[in-house]
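Dock chain B against chain A, hints included.
Protein chains: 2
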Amino acid sequence: MSADWFRRRFLPRGQLPAPRPPRPRTSPVPYRRPRFLRGSGSSSGTADASRRPDARPVRSPVRGRSLPWNAGYAEIINAEKSEFNEDQAACGKLCIRRCEFGVEEDQEWQTLCSEEFLTGHYWALFDGHGGPAAAILAANTLHSCLRRQLEAVVEGMVATQPPMHLSGCCVCPSDPQFVEEKGIRTEDLVIGALESAFQECDEVIGRELEASGQVGGCTALVAVSLKGKLYVANAGDSRAILVRRDEVRPLSSEFTPETERQRIQQLAFIYPELLAGEFTRLEFPRRLKGDDLGQKVLFRDHHMSGWSYKCVEKSDLKYPLIHGQGRQARLLGTLAVSRGLGDHQLRVLDTNIQLKPFLLSVPQVTVLNMDQLEPQEEDVVVMATDGLWDVLSNEQVARLVRSFLLGNREDPHRFSELAKMLIRSTQGTDDSPIQEGQVSYDDVSVFVIPLHHQGQGHSSR
Amino acid sequence: MSADWFRRRFLPRGQLPAPRPPRPRTSPVPYRRPRFLRGSGSSSGTADASRRPDARPVRSPVRGRSLPWNAGYAEIINAEKSEFNEDQAACGKLCIRRCEFGVEEDQEWQTLCSEEFLTGHYWALFDGHGGPAAAILAANTLHSCLRRQLEAVVEGMVATQPPMHLSGCCVCPSDPQFVEEKGIRTEDLVIGALESAFQECDEVIGRELEASGQVGGCTALVAVSLKGKLYVANAGDSRAILVRRDEVRPLSSEFTPETERQRIQQLAFIYPELLAGEFTRLEFPRRLKGDDLGQKVLFRDHHMSGWSYKCVEKSDLKYPLIHGQGRQARLLGTLAVSRGLGDHQLRVLDTNIQLKPFLLSVPQVTVLNMDQLEPQEEDVVVMATDGLWDVLSNEQVARLVRSFLLGNREDPHRFSELAKMLIRSTQGTDDSPIQEGQVSYDDVSVFVIPLHHQGQGHSSR
Chain A
2 MSADWFRRRF LPRGQLPAPR PPRPRTSPVP YRRPRFLRGS GSSSGTADAS RRPDARPVRS
62 PVRGRSLPWN AGYAEIINAE KSEFNEDQAA CGKLCIRRCE FGVEEDQEWQ TLCSEEFLTG
122 HYWALFDGHG GPAAAILAAN TLHSCLRRQL EAVVEGMVAT QPPMHLSGCC VCPSDPQFVE
182 EKGIRTEDLV IGALESAFQE CDEVIGRELE ASGQVGGCTA LVAVSLKGKL YVANAGDSRA
242 ILVRRDEVRP LSSEFTPETE RQRIQQLAFI YPELLAGEFT RLEFPRRLKG DDLGQKVLFR
302 DHHMSGWSYK CVEKSDLKYP LIHGQGRQAR LLGTLAVSRG LGDHQLRVLD TNIQLKPFLL
362 SVPQVTVLNM DQLEPQEEDV VVMATDGLWD VLSNEQVARL VRSFLLGNRE DPHRFSELAK
422 MLIRSTQGTD DSPIQEGQVS YDDVSVFVIP LHHQGQGHSS R
Chain B
2 MSADWFRRRF LPRGQLPAPR PPRPRTSPVP YRRPRFLRGS GSSSGTADAS RRPDARPVRS
62 PVRGRSLPWN AGYAEIINAE KSEFNEDQAA CGKLCIRRCE FGVEEDQEWQ TLCSEEFLTG
122 HYWALFDGHG GPAAAILAAN TLHSCLRRQL EAVVEGMVAT QPPMHLSGCC VCPSDPQFVE
182 EKGIRTEDLV IGALESAFQE CDEVIGRELE ASGQVGGCTA LVAVSLKGKL YVANAGDSRA
242 ILVRRDEVRP LSSEFTPETE RQRIQQLAFI YPELLAGEFT RLEFPRRLKG DDLGQKVLFR
302 DHHMSGWSYK CVEKSDLKYP LIHGQGRQAR LLGTLAVSRG LGDHQLRVLD TNIQLKPFLL
362 SVPQVTVLNM DQLEPQEEDV VVMATDGLWD VLSNEQVARL VRSFLLGNRE DPHRFSELAK
422 MLIRSTQGTD DSPIQEGQVS YDDVSVFVIP LHHQGQGHSS R
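Taken in sequence, the protein lines are chains A and B. Going by my numbering, the first sequence opens with residue 2, and the numbers climb by one from there. Going by my numbering, the second sequence opens with residue 2, and the numbers climb by one from there.
Isolated chain A, as found in the complex (with noise of 0.2 Å):
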């Protein structure tokens, strides 16, 4: 992507253009579950009819399929917000095969050996909104993306360090020092694989949705275990924490117009064409009316951390860029997130303001080094989509994730039916920790993964 790329695509010289309709070439994306969900039809035993003849059924995998690592899952789908649970998830063994370089081949990359060479597990929740075709993709599409990339650099993971050339041979004697003094390590190279992952993702989500002529985004939450590091990228507002017994460590943090006001203020103020004269890029504590004209208001630019006084005037009344607070912020009034993946069409309501200029599909990235970590049987991660973080908060869940595990120690299950119970405490039913009136009617999903035995002795070959 180059600056070219972003001018010519959004920032068209005279009148914006209307928005092309779409002409679909090919057919829709289809609706569905995630594949682990098979046989576990919301009819059928597994999908849990619960207590309330109201309450929506939780569902999770069929008792003996087994995902990576022994991972719980379990998922509700929104009370008829939408006809369609725009929640995905996916999941699986990650195989990295190995390209070997001919060094006969006068420096070329040759295919001498495919097989498998590293393997690592993936783990990955889509929130979508628009519809559920952005998220659907992501879920068929990520992980080949991230496995792509990921053997796009795997020669350069075998070494203590990476090497400066991918070859491995060095064209200046101190190629390892310059390396060494810049602190390159593995990691980075998954991390830079997970971030062009990411990318390459969005590219082909918007070729895809501009083909079947459907529209929508979603978040991504990705974690990945990859030579006894577990890694964690999140692009939007979903959330994935560490819990132990003594510990509940973040290992997100979310991505929102209010915690990127200054990301998406600075662009707006670097392209004030891309508000098109709607919106002012300031943000007040509310929006101001005729009445404001004149006075001194509480205000915050894009360079400001704190608050200062401005004079209104009448450009100050227009629409804010960001507006709201907290879960209710929206980005140009429309969507209250400002990472993930899609979301190449989406306009504001009636005018041909895009808001994908502002949208970031990069994710952050953290590492958990396993092996320093050694995990202790009741250790977890929790991933999860908005849907459970509005009404619980970190140490809520761990405090349900501690007592349920030290009650279900021999449930070979044990992770999805905990993964079900973190679902129904959004519900509002009798037992759950959440105070009355507090309930999600949002899709939630909910992975589990167990920390235990697997640190030590990961494959690399």
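A hint or two may mislead.
In this list, chains with the same sequence are indistinguishable; a pair is considered to hold if it fits within one copy or across any two.
Straight-line alpha carbon distances no greater than 30 Å define the calculated DSS-like cross-link-like pairs of lysine-lysine that follow [unchecked claim]:
1. K311 x K183
2. K183 x K290
3. K183 x K82
4. K228 x K183
Just so you know, these hints were derived from the structure itself, not from any lab.
For chain B alone, coordinates are given in the frame of chain A:
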């Protein structure tokens, strides 16, 4: 500042204009040392002629001259790197006047009472480059800018929570609720005032340097005490730390081409014309050369935290936008800091490529709540320019501070003595904790601010 202004200033159409030769209209900014050092000339007894004949003198205020909070100060000039000491310092009482609102006056502002309303204290260090002028101007000016910015919002600082309107009158009955929901506190107004003051000061320096035909820039590290809180604002590579008996807490972070890589690369991505085809925005472990062409080498772009490999093209052989690592990292081969004041005319040697568009004058501000801290006898804040931190770690400084204060409880000038001792520790004397060869040849300036008895009973009228 608007985006249009940025484009007019930095992105002229067609050929880049040659830098205007400065035409002095005013006399040059005269060189001087901080006012509070008067009477402590290097020939006087307070300049520490040290134990070695070749040692440079360490200067500190004359005994009997007390700085705010009985703070200590010391400085040393560099080892003939430049003719002048390019560090500067300032400190004093900060008197904020109140401009009372004339209710009868049809909602206009009137100064009914210009008496001192709020008092605070101010300590500042400036580390100049390209000449001493910018740092001297900053030392002469920044506190006035800050006072002006604080006076502009002081009415908002009176209430428990800043009002939506500076007049205090609600236009909308739920105004307090909006401010409450946004979590806007009094300290956010001080942070906003510090941010605005740095920017205002940068503009003043730009005008003054142009008028006097001088050049240069400086970093700025400021501590301000106000209403029971200590604010530390930093733009550059100086550093402030809190040292307590059981704790060492950083109160600032450094802004260098290395720590601000992504911001700087992103600007070059958005405005490639800023590099005039002479630099590559990509980061590589070392500068590439002809032999690397066609090879796959490690690289990072603006959107990446991790590393990946790319096939080297001819344009990758250009000089990197950010080159070198750690203390050696340079922006456009020229500057070691990425935030600060001044440098309005700075260009890459023998080109018209400007540094200023890549520099921020806005500081990062951290807040220390003195009431919550309950400072003990030996709790201090140490502020120093990079010359100190180049050779001493936070932990080493903390150990020196603790052992010195423990052994010098009675001396009323012990904080200046401590500042002098810290500077001597960077000069490679026998009892210095630094290793052989790790000696600071840079200018070094140090404030030591004692916190005991400062949290309680702060005056607010």
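Hints, one by one, checked against the model:
1. K311 x K183: between (44 Å within a copy, 17 Å between copies)
2. K183 x K290: between (52 Å within a copy, 18 Å between copies)
3. K183 x K82: between (50 Å within a copy, 28 Å between copies)
4. K228 x K183: Answer is within: at 22 Å inside a copy they meet the 30 Å cutoff, but 43 Å across does not.
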